[in-house]
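Enquirer: Residue strings, one per chain:
Protein chains: 2
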Amino acid sequence: MADDGGASAEAVTARFAAPIEDALARHLPAPEPERFDLSPKLAEALRYAALGGGKRLRPTIACATCVSLGGQLEAAVDPAAAIEYVHAYSLVHDDLPAMDDDDLRRGRPSCHIAFDEATAVLVGDGLQTLAFEVLADAPGLPEATRLRMVRLLADAAGWRGMVGGQACDMDATGAPPLSLTRLQRMHAAKTGRLFRVAVQFGALSALPDIDDRRFRHLTTFGERLGLAFQIVDDVLDVTQSSDQLGKPAGSDAALGKNTYPALVGLDRARSLAHDTLSEALRILEGLGLRHGPLDALARATVERVR
Amino acid sequence: MADDGGASAEAVTARFAAPIEDALARHLPAPEPERFDLSPKLAEALRYAALGGGKRLRPTIACATCVSLGGQLEAAVDPAAAIEYVHAYSLVHDDLPAMDDDDLRRGRPSCHIAFDEATAVLVGDGLQTLAFEVLADAPGLPEATRLRMVRLLADAAGWRGMVGGQACDMDATGAPPLSLTRLQRMHAAKTGRLFRVAVQFGALSALPDIDDRRFRHLTTFGERLGLAFQIVDDVLDVTQSSDQLGKPAGSDAALGKNTYPALVGLDRARSLAHDTLSEALRILEGLGLRHGPLDALARATVERVR
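In order, the protein sequence lines correspond to chains A and B. Heads up, the first sequence is in this note's numbering, so the first residue is 1 and it goes up one at a time. Heads up, the second sequence is in this note's numbering, so the first residue is 1 and it goes up one at a time.
Simulated from the structure, these hints should not be mistaken for lab results. Just to be clear, a hint being listed does not mean it is correct.
No distinction is drawn between identical chains; accordingly, a pair holds when it is met within one copy or between any pair of copies.
In the SDA-like style, the derived pairs of lysine to any residue whose C-alpha atoms are separated by at most 20 Å in a straight line are [what the hints assert, rightly or not]:
#, residue 1, residue 2
1, Lys257, Leu207
2, Lys257, Ala14
3, Lys41, Pro177
4, Lys257, Arg182
5, Lys55, Leu266
6, Lys41, Ala172
7, Lys41, Ser179
8, Lys41, Leu178
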């Protein structure tokens with residue numbers, strides 16, 4: 001039975017919050033140092049990086065997809081946690097001085113500030129490993145499905161996906177502006193692929209034998225959702241800066257950052273986000289999933305203000 | 001049919017060298033930039049880090065274990081490459097300024113020197129991801145075996161294994177000396193676990209349904225081999241320093257490095273290496289694998305001079 005009762009994005013997020021946090025905590029070293037005495041500092045830093053708040057958007061999408069398709073939430077939470085570990089590892093490494101050099105993350109000191117750089121490198125490394133370990137052991141799923149998830153996550157996170165997108169972003173910062181096509185490819189790799197995997201994992205958790213056509217449509221929905229998220233992220237970056245710093249919209253371009261507003265202007269970026277959302281919602285409608293939790297999450301992704 | 005014809009370690013290494021290098025190259029972005037235009041620099045750096053020489057000891061052990069047990073080499077090369085990707089990623093990250101700050105690796109500039117730090121972080125991240133992708137797709141092995149390999153490698157490489165051992169090493173450097181028990185635990189995690197996995201992957205490539213008793217003995221052989229390797233590594237570090245720098249043996253202790261010679265002295269470290277080798281060879285004998293390629297590799301590990 002598909003669960004497509006209407007719900008606000010807040011209600012959807014609240015519904016899955018505790019199971020997701022439980023799953024994230026369960027696979028990390030326990031907080032008592034005596035449980036992992038090889039390096040109590042590493043244990044603490046792993047928990048700091050993975051359990052330190054955050055919107056949990058990707059695992060929420062995975063869980064929402066699973067229950068929308070009539071699946072059991074229990075089957076989705078570990079695959080969902082695996083995606084969040086990869087996301088958390090990428091934030092820890094992206095914040096390093098050699099990368100984006102951010103001292104703050106989610107309102108707290110970044111991992112390399114709260115601990116040190118060496119620990120932050122190792123925390124990112126260990127969280128990535130943990131993602132694959134958790135997938136391999138995910139309860140309630142056939143072996144073939146778990147193996148398929150390992151393959152999907154590795155493809156999304158590796159040099160063709162997230163890591164390649166981040167490298168492209170580093171290469172392009174301060175260089176001549178990217179074309180819109182190239183900007184979209186970069187973001188599809190850097191951000192979009194994890195959103196896509198979140199939807200795919202939710203689908204496979206509910207229906208390990210899902211037919212190819214349905215899986216393909218859900219995959220495209222995940223891609224559209226990831227693209228809409230990224231455009232809105234870029235727009236909020238500019239408008240928040242305008243409010244807070246009095247910096248004119250679009251000045252990020254002068255700093256060499258490749259963003260949608262910098263490339264096509266704020267108005268066109270906003271309409272691009274809405275067009276992408278419409279596409280995503282149309283796909284949901286075709287799948288019989290309109291007015292459910294995925295619909296609410298997709299709308300909230302574009303309408304959010306932070 | 002078990003392959004246990006006697007052979008020198010050089011012959012064993014030479015026999016598997018080309019298949020291992022082929023497998024390592026096959027899963028990386030092709031050298032022509034147009035094949036991976038998202039970031040040609042990342043593509044080049046990945047190849048630089050993974051294909052830049054090295055003894056290939058871990059994948060050689062995996063291949064030697066497989067053929068010793070009568071398996072087909074083809075089944076072992078991709079799992080062997082996965083282990084080498086993890087080893088290569090750990091070297092790239094360990095060489096970073098925030099970690100061991102080494103400018104040279106295998107006689108060439110380290111990855112962060114040849115490229116830059118951001119690229120080195122991403123190269124390490126991408127090589128780790130690739131290891132799991134290659135395991136998930138390893139040809140000629142049942143799904144259950146590939147999933148078991150993902151689990152074994154993740155456990156060996158993650159916070160309980162290699163990453164935890166490296167964190168322990170960083171914590172202990174410059175601190176009061178570790179006890180011998182703790183030093184062995186640190187090295188078992190940091191180095192030993194990948195050796196163990198190399199033997200395990202070779203065994204599972206040859207015999208996906210290997211019985212537990214035999215698998216356990218092979219696992220212990222891998223542990224002993226890893227320990228012997230590490231002790232000899234520490235010994236060579238001291239003796240090479242003595243010859244080259246005129247630095248008295250054991251002075252590493254003054255620098256705060258935890259090594260076997262620093263902790264128990266050079267003579268006892270050497271006899272510890274030989275005792276560990278003897279244990280490893282006894283296990284091989286019990287398995288009917290004496291006088292084969294594993295025997296040759298184990299002896300060479302302890303008798304090597306570099």
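Enquirer: For the identical chains here, do Lys41 and Ser179 meet the 20 Å Cα criterion within one copy, between copies, both, or neither?
Expert: between (44 Å within a copy, 19 Å between copies)
Enquirer: At most 20 Å between C-alpha atoms: does Lys41 with Pro177 qualify within a copy, between copies, both, or neither?
Expert: between (42 Å within a copy, 18 Å between copies)
Enquirer: Since the copies are identical, ignore which copy is meant and state whether Lys55 and Leu266 lie within 20 Å (CA to CA) inside a copy, between copies, both or neither.
Expert: Close neither inside one copy (25 Å) nor across copies (54 Å); limit 20 Å.
Enquirer: Could you figure out if Lys257 and Leu207 sit no more than 20 Å apart (CA to CA) within one copy, between two copies, both or neither?
Expert: The answer is neither: 41 Å in one copy and 53 Å across copies each exceed 20 Å.
Enquirer: Tell me, please, which holds for Lys41 and Leu178 at an alpha-carbon limit of 20 Å: within, between, both or neither?
Expert: Between copies only: 16 Å across, 41 Å inside.
Enquirer: When Cα atoms must be at most 20 Å apart, do Lys257 and Arg182 count as within-copy, between-copy, both, or neither?
Expert: Within one copy, since 14 Å is at most 20 Å while 48 Å is not.
Enquirer: Between the shortest in-copy and the shortest cross-copy C-alpha distance, which are at most 20 Å for Lys257 and Ala14: within, between, both, or neither?
Expert: neither (34 Å within a copy, 49 Å between copies)
Enquirer: How do Lys41 and Ala172 come out at 20 Å by Cα distance, when the copy is not named: within, between, both, or neither?
Expert: between (36 Å within a copy, 11 Å between copies)
Going down the numbered hints, you'll see the structure goes against 1, 2 and 5, while the others check out.
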